[in-house]
Amino acid sequence: MTTSLKAPEVVKQIQTRFPGAVTEVTDTALVVDSKSLVDVMSFLKDTAGLDFNYMTTVTAIDYFQYFEVVYNLVSMEHNHSLTVKTRVYGRDNPKLPSVVSLWRSADHQEREIYDLMGITFEGHPNMKRIVLWPEFRGHPQRKDYLK
Amino acid sequence: MTLRTEPFVLNMGPVHPSTHGVFRMRVTLDGEVVVNLEPVFGYLHRGIEKLAEERTYTGIVPLTDRLDYVASMTNNLAYCLAVEKLAGIKVPERAEYLRVIMSELQRIAAHLISIGSFFNDCGAYFTPFLYMFRERERIVDLLEMVSGQRLLYNYMRPGGVSQDIPEEFLPALKEALNQMPKYIDEYERLLKDNEILYARARGVGILPKEMAISIGASGPVLRGCGVKWDIRKVDPYSIYDRFEFDIPTGTQGDCYDRYRVRVEEMKQSLRIIEQAIKQIPAGSIRSDVPQLIRPPVGEAYAHLEAPTGELGFYLVSDGSIAPYRCHIRAPSLMNLTALRDMIVGWKVQDLILIFGSFAITMGEVDR
Amino acid sequence: MFAGLNNNPVSFPQAMPPDWPGNAWWHWVIFTVIILVFFLGSVIMFIYMERRVLAKMQARIGPNRVGPFGLLQAIADAVKVLMKEMVTPANADKIVYWLAPAITFAPVVMVLAVVPFADGALLADLNIGILYVLAISSLSSIGVFMAGWSSNNKYSLIGAMRMVAAVVSYEMPIVLALASVVLIAGSMSLNDIVIAQQSYPMLLMQPLAFLLMFIAGCAEINRSPFDLMEADSEIVAGFHTEYTGMKFALFYLAEYGEAVVMSSVIATVFLGGWQGPFLWPWLWFILKTFFVFFLMIWTRTTLPRVRIDQLMSLAWKFLFPLALINLIFTGIEVLTYPDGIPWYFIFANIAIGAILVLLWSRLYKVGGGRIAVG
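Residue numbers (the numbering used here), protein chains in the order written: chain A, 23 to 169; chain B, 11 to 377; chain C, 12 to 385.
Derived from the structure by calculation, the hints contain no laboratory data.
Each residue gets a CB set at the ideal place from its N, CA and C atoms; glycine is no exception.
Just so you know, not all the hints are guaranteed correct.
[What the hints assert, rightly or not] As a list, the in silico DSBU-like pairs of lysine-lysine whose alpha-carbon atoms are at most 30 Å apart:
| no. | chain 1 | residue 1 | chain 2 | residue 2 |
| --- | --- | --- | --- | --- |
| 1 | B | LYS60 | A | LYS165 |
| 2 | A | LYS107 | A | LYS34 |
| 3 | B | LYS184 | C | LYS67 |
[What the hints assert, rightly or not] One side only, chain C facing chain B, incomplete, derived with CB under 7 Å:
| no. | residue |
| --- | --- |
| 4 | LYS67 |
| 5 | ALA70 |
| 6 | SER235 |
| 7 | ARG316 |
| 8 | VAL317 |
| 9 | ILE319 |
[What the hints assert, rightly or not] Some but not every residue of chain B turned toward chain A, in silico, with C-beta under 10 Å:
| no. | residue |
| --- | --- |
| 10 | LEU20 |
| 11 | VAL43 |
| 12 | VAL45 |
| 13 | LEU47 |
| 14 | PRO49 |
| 15 | PHE51 |
| 16 | ILE225 |
| 17 | SER228 |
| 18 | ASP245 |
| 19 | PHE255 |
| 20 | GLU309 |
| 21 | GLU320 |
| 22 | GLY322 |
| 23 | VAL326 |
| 24 | HIS337 |
| 25 | ASP376 |
Bound-form chain A, shown alone:
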């Protein structure tokens, strides 16, 4: 059974290394400040005892005030999982650092988020539309797309 790690315990470890990086904690998920996202992620990936070597999902949710990007991490070694979130404000040209350098599984998924939600991932090697054609205008997965 994949145990989902208690977020508050993981947060304690993160806080010692990166104070102030975690902005919000719930039981199952933690919200990371977008500026220190890559640092926290690489910490989660490389720290012994955490070893999140497998990233299942990246997705984004449009909450109007902000976009929430959700990362679902799994460690194959310890068989535990963790949900990490980050938020990006502004609707015109939201930007987030990319985690492709850590997990290549983010490659297609970040492109998809860019395509459908319009969040640019900086540092992504191939930030292009994936399912829609290059000339397409707008980002249909946004809640206000039809309005």
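Based on these hints, arrange chains B and C on the given structure of chain A.
The following block gives chains B and C in isolation, referenced to the frame of chain A:
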């Protein structure tokens, strides 16, 4: 004297006999050798995630059929698991068993197609493919008995399944189960130790273990590399913890290993179904779930082992009758991440073979 | 074509059997008609047979609606194909594009001129029959390459390139395998070769040559497992991707025509041609031709396709050396027994063939793997 050659770009697809749907690969070739490859997705994008935001929780089930259209039972199940997790719905025992039987039958049917079309991509002119379709037909008949459909079953519901099995289903299933091992042996005799298949598939399209984990590969692609990772074992959903079965793995992650893993998985699926038939209890098939489910505000991620890999649904609820956000983790899309790394340097013919060994479905990649 | 030959019969001194009365042009006319009828008839039967046998081997039924047992299916298909619109790609090299089907098709029929249907019953009993077969049959690859080049399609080009490479490579083992038969028969005329098989078919005396000839023949005419020139799962349809209507029909005809020709040559050279008890000679010949084609269908349903580099290495590293060694052994046998090799050498030759194949398959390794790309 060195011969000056000039690479040229070949657009394979979107309509091509071997792209398993509408998929395009911009291939740069130097003679027969692939020097660069760029996958182009999106020809089958229907915006299912967006459509789901407009529908009730029960109304999304038919949409999930259209993801991996050769394995719609497991798609249904993955979605229902996510809704049940989100809304805290309990599922009756009998329904759990029915779900397991159906999704394992579906796994066999989907693997039969994958292996068959893999051989087709090898150039074995339709013979294995048609033999496998013969048995797939029997499985589809069984699934038609319970759901009334032959491809897009729309069988499972949040809280159970849509209808109970008819009387003649279990005898027919038992008969099919008795004959399946014989048929699987027949496929094995056809091509398993064929010298040409060895030459074509062994050592071709190797996906290293580390890369497989990094790209988030799952299913037979991941297990072919020797990683023992099966959601049914590592995170048992439904009632998979009650059955005995093994996880077949490959050794070096080439095309041949992926094919072998699929064949062995079919055998394991037969084992699971046999155990499930013995244990299946009587009882209700659906718990009392309202037509319009209003889950509490929150989010849930549920995943399962689909024939192609880890299929996950990430649902966010705002308390209304429709999900606020429905994200689908498509295993085929992840598996294709390393396509370029695996194919560059091989020949055009290997390209088709390696691509075929992923057994992707474009309905799932593009959604 | 034959008018020119008629005016100038001296250049083909052996072409006329002695017992033809009167002027020889009757012979030309009748046999041209016979060959065309035989060619078209057996192409239609081959297509029907291939589809039915494939279907039976693949656990399905196959065409059974048009005519009795679906016998007229091929004709119905032909009518359909002929009524299709002719499409020429905008950027095609028009003249070459139009010429290619004819150039592919014509040599295929021409080969049949030297194949005997019964004793002496052939259009032209050339004393260089085998050489003629080899020379003419490889001409059609020019047409194929013209088609691949002029269609301005990359799939066509790849297919045509593969085709030319394969035909050039597989010509070698075919020539050497036939050469060892010619050594035993003592003649290049196909009719004489058949007569030389009076007591036993050449298959028994030259088992290895038959094997090499069959494999190389399959490759020469694009039959599976060497059908990668028109591999439908890889390069769509190879060189004839851009062809429609009548022009496509000609290619299709040529493809099956090559199968007819290759089967009839193998049947003539190795299976004793028209020789056989009880039945009419021509019926024996046709039965043997269909039997050889049945073997080709069998391999097609069973085997996956090889890769292009494996195809090449099979030709040059396996078939070619074996054919050479076989030729040397045959030469020694013929030198030792100039008046005819005793029948018990059948067993010796089968043993030599088996041992050579087994040993060589140990030594031989199929082609390369991944190529490092900068």
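These are the hints, each one checked on the structure:
no.	hint	in the structure
1	B/LYS60 <-> A/LYS165	9 Å, holds
2	A/LYS107 <-> A/LYS34	16 Å, holds
3	B/LYS184 <-> C/LYS67	28 Å, holds
4	LYS67	11 Å, violated
5	ALA70	6 Å, holds
6	SER235	6 Å, holds
7	ARG316	2 Å, holds
8	VAL317	6 Å, holds
9	ILE319	6 Å, holds
10	LEU20	20 Å, violated
11	VAL43	23 Å, violated
12	VAL45	18 Å, violated
13	LEU47	13 Å, violated
14	PRO49	9 Å, holds
15	PHE51	5 Å, holds
16	ILE225	5 Å, holds
17	SER228	8 Å, holds
18	ASP245	4 Å, holds
19	PHE255	16 Å, violated
20	GLU309	8 Å, holds
21	GLU320	7 Å, holds
22	GLY322	6 Å, holds
23	VAL326	6 Å, holds
24	HIS337	4 Å, holds
25	ASP376	6 Å, holds
In summary, the numbered hints that this structure violates are 4, 10, 11, 12, 13 and 19.
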